[in-house]
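Chemist: So the chains spell out like this:
Protein chains: 2
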Amino acid sequence: MNYDANNIFAKILRGEIPACKVYEDQHTLALMDVTPQSDGHVLVIPKVAASNLFEIAADALGRLIVTTQLISRAAKTAFNADGITLMQFNGAAAGQTVFHLHFHVIPRYQGKELRVHAREMADIKILTAQAEKLKQALSNSI
Amino acid sequence: MNYDANNIFAKILRGEIPACKVYEDQHTLALMDVTPQSDGHVLVIPKVAASNLFEIAADALGRLIVTTQLISRAAKTAFNADGITLMQFNGAAAGQTVFHLHFHVIPRYQGKELRVHAREMADIKILTAQAEKLKQALSNSI
Chain A
282 MNYDANNIFA KILRGEIPAC KVYEDQHTLA LMDVTPQSDG HVLVIPKVAA
332 SNLFEIAADA LGRLIVTTQL ISRAAKTAFN ADGITLMQFN GAAAGQTVFH
382 LHFHVIPRYQ GKELRVHARE MADIKILTAQ AEKLKQALSN SI
Chain B
282 MNYDANNIFA KILRGEIPAC KVYEDQHTLA LMDVTPQSDG HVLVIPKVAA
332 SNLFEIAADA LGRLIVTTQL ISRAAKTAFN ADGITLMQFN GAAAGQTVFH
382 LHFHVIPRYQ GKELRVHARE MADIKILTAQ AEKLKQALSN SI
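Chains A and B, in that order, are what the protein sequence lines are. Residue numbers for the first sequence follow our numbering, so the first one is 282 and each next one is one higher. Residue numbers for the second sequence follow our numbering, so the first one is 282 and each next one is one higher.
In short, the hints are calculated from the structure, not lab data. Don't be surprised by glycine CBs; every beta carbon is placed ideally from N, CA and C. Warning: the hint list may mix true and false statements.
[Said to hold, decoys possible] A partial selection of chain B residues facing chain A, derived with a Cβ cut-off under 7 Å:
id	residue
1	Ala374
2	Ala375
3	Thr378
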């Protein structure tokens with residue numbers, strides 16, 4: 282697979298389009314999913330160019346999953362979630378819609394089914410408030 | 282959450298019950314899921330006691346995701362899959378049924394929906410044949 286440098290996450294990483302960021306370090310970025318499958322759905326992406334799981338080096342992948350763990354802990358606290366589901370899609374047949382590697386961190390709530398992936402846009406005000414909650418939980422945990 | 286040393290993966294790691302193993306190293310083990318959501322569904326687990334993503338140290342988590350990447354590559358090749366979906370559940374509300382941290386590596390095939398999680402037992406002969414295919418793909422790739 283060839284990496285498309287004009288995918289939406291590449292543009293966000295270059296600062297060309299805005300995103301509702303919740304965490305950033307030298308190697309990774311976490312942002313609110315704009316079509317959340319549940320309240321507090323976050324995406325965690327590496328800063329290296331990798332279309333999917335197959336294209337990333339082991340050290341960069343290790344950093345990505347550690348940030349994913351950090352965000353998962355914070356999301357569980359921030360949103361008082363009953364659980365966290367991680368999902369990561371490789372290839373259109375697997376449900377991948379943006380071809381820059383990303384982990385979905387999806388808070389789960391007892392008795393609530395997930396909404397359909399990449400269908401309905403969330404209200405930016407709600408996402409911003411959720412991002413603030415997450416940042417607060419992160420600042421308490423780091 | 283308290284780690285239950287009598288969960289099924291802990292028993293497999295201690296050799297007390299059999300499993301259809303496909304890969305093992307000092308820190309991780311990969312085995313066929315006995316209730317596969319698609320053909321070639323593999324589970325990757327750490328050898329440390331961790332109920333979920335929240336309970337594992339960063340270095341052990343890094344090793345776990347690198348083995349998961351290795352298995353994903355091999356599964357894509359072995360089963361000629363169109364994509365790979367990773368899933369990882371934390372807490373009963375997230376769909377977790379065995380309380381030892383595990384990543385699901387689920388081969389995806391164009392136009393085929395996933396079967397329901399943890400419902401139907403697979404034929405052990407079919408699982409064994411799939412494990413052999415995977416081991417072959419792994420021995421070609423390592």
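Chemist: Hey, does the Thr378/B contact hint survive, CB to chain A under 7 Å?
Modeler: Where the cut-off is 7 Å and the nearest Cβ of chain A is about 12 Å from Thr378/B, the hint is violated.
Chemist: Given Ala375/B was flagged as interface, is its beta-carbon under 7 Å from a beta-carbon of chain A?
Modeler: Status holds, d = 3 Å.
Chemist: Using 7 Å as the Cβ threshold, decide whether Ala374/B counts as touching chain A.
Modeler: This hint holds: Ala374/B lies near chain A, its Cβ roughly 3 Å from the closest one there, short of 7 Å.
Of the numbered hints given earlier, the model fails hint 3 alone.
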